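*Asks:* So the chains spell out like this:
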Amino acid sequence: GESVGLHLPTLSVQEGDNSIINCAYSNSASDYFIWYKQESGKGPQFIIDIRSNMDKRQGQRVTVLLNKTVKHLSLQIAATQPGDSAVYFCAEKGGYNKLIFGAGTRLAVHP
Amino acid sequence: SQTIHQWPATLVQPVGSPLSLECTVEGTSNPNLYWYRQAAGRGLQLLFYSVGIGQISSEVPQNLSASRPQDRQFILSSKKLLLSDSGFYLCAWSVTSRGEKLFFGSGTQLSVL
Numbered sequence: 001g002e003s004v005g006l007h008l009p010t011l012s013v014q015e016g017d018n019s020i021i022n023c024a025y026s027n028s029a030s031d032y033f034i035w036y037k038q039e040s041g042k043g044p045q046f047i048i049d050i051r052s053n054m055d056k057r058q059g060q061r062v063t064v065l066l067n068k069t070v071k072h073l074s075l076q077i078a079a080t081q082p083g084d085s086a087v088y089f090c091a092e093k094g095g096y097n098k099l100i101f102g103a104g105t106r107l108a109v110h111p
Numbered sequence: 112s113q114t115i116h117q118w119p120a121t122l123v124q125p126v127g128s129p130l131s132l133e134c135t136v137e138g139t140s141n142p143n144l145y146w147y148r149q150a151a152g153r154g155l156q157l158l159f160y161s162v163g164i165g166q167i168s169s170e171v172p173q174n175l176s177a178s179r180p181q182d183r184q185f186i187l188s189s190k191k192l193l194l195s196d197s198g199f200y201l202c203a204w205s206v207t208s209r210g211e212k213l214f215f216g217s218g219t220q221l222s223v224l
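Those protein sequence lines, which keep their order, are chains A and B. Using this note's numbering, read the first sequence as starting at 1 and increasing by one per residue. Using this note's numbering, read the second sequence as starting at 112 and increasing by one per residue.
I should point out that these hints are in silico values taken from the structure, not numbers from a laboratory. Every value quoted in this text rests on a predicted model; they were computed, and no experiment measured them. For every residue, glycine included, the Cβ atom is placed at its ideal position computed from N, Cα and C. Fair warning: there could be bad hints in the mix.
If you want the ones that stay clear, here's a sample from chain A, every Cβ over 10 Å from chain B, calculated [said to hold, decoys possible]:
id	residue
1	Gly41
2	Gln45
3	Asp49
4	Asn53
5	Met54
6	Asn97
7	Gly102
8	Val109
Quick list of in silico lysine-lysine cross-link-like pairs, DSS-like style, CA-CA up to 30 Å [what the hints assert, rightly or not]:
id	chain 1	residue 1	chain 2	residue 2
9	B	Lys191	A	Lys42
10	A	Lys42	B	Lys212
11	B	Lys212	A	Lys68
12	A	Lys98	A	Lys71
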């Protein structure tokens with residue numbers, strides 16, 4: 001079946017370092033992927049998305065990489081700041097145009 | 112610009128009591144609307160989605176129901192809450208039915224005691 005999962009449930013980084021959050025997906029037919037950031041007690045916020053016809057997409061301080069060969073998605077955050085501390089979710093578009101969310105990775109930024 | 116409103120932010124209800132959570136979207140017409148539930152420390156589970164007034168699709172069998180009485184209004188209800196209904200409920204909307212780029216509300220933390 002379709003599934004989206006994450007390699008690391010918790011990621012701790014030093015302020016100023018780059019962060020890499022990884023995500024694996026199982027449906028090779030998925031053509032759309034998206035990353036969300038969720039702060040405690042709040043709704044998820046859209047960060048960046050990518051279609052399967054791209055390998056890389058950049059935003060402000062964030063980059064999403066898509067490796068379709070190994071069905072792997074990653075979110076890179078440059079110069080991580082304390083405000084980046086949150087849970088990050090990846091999601092893929094599954095059957096019937098539904099977004100399927102992974103379990104999430106908690107990013108903890110230390111001074 | 113488009114905004115989504117969800118209320119209340121926090122709700123404590125006894126087992127067996129009814130539930131009504133409301134969500135409204137402003138600044139767009141004919142949005143696709145969604146209700147998700149998030150258990151503590153877990154991912155998001157899709158409960159219901161709607162592509163138009165009166166059109167509701169249910170994703171999982173449960174003690175909850177949804178209604179869309181107006182174009183930009185989505186309501187999550189229950190006649191009798193169970194302990195297992197506790198969780199963080201999120202309303203979301205999207206422009207199209209392609210299942211892309213959902214925009215989420217601020218959520219309702221429901222505790223059933």
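*Asks:* Where does the structure disagree with the numbered hints, that is, which hint numbers, in rising order?
*Replies:* 1, 2, 3, 6, 7
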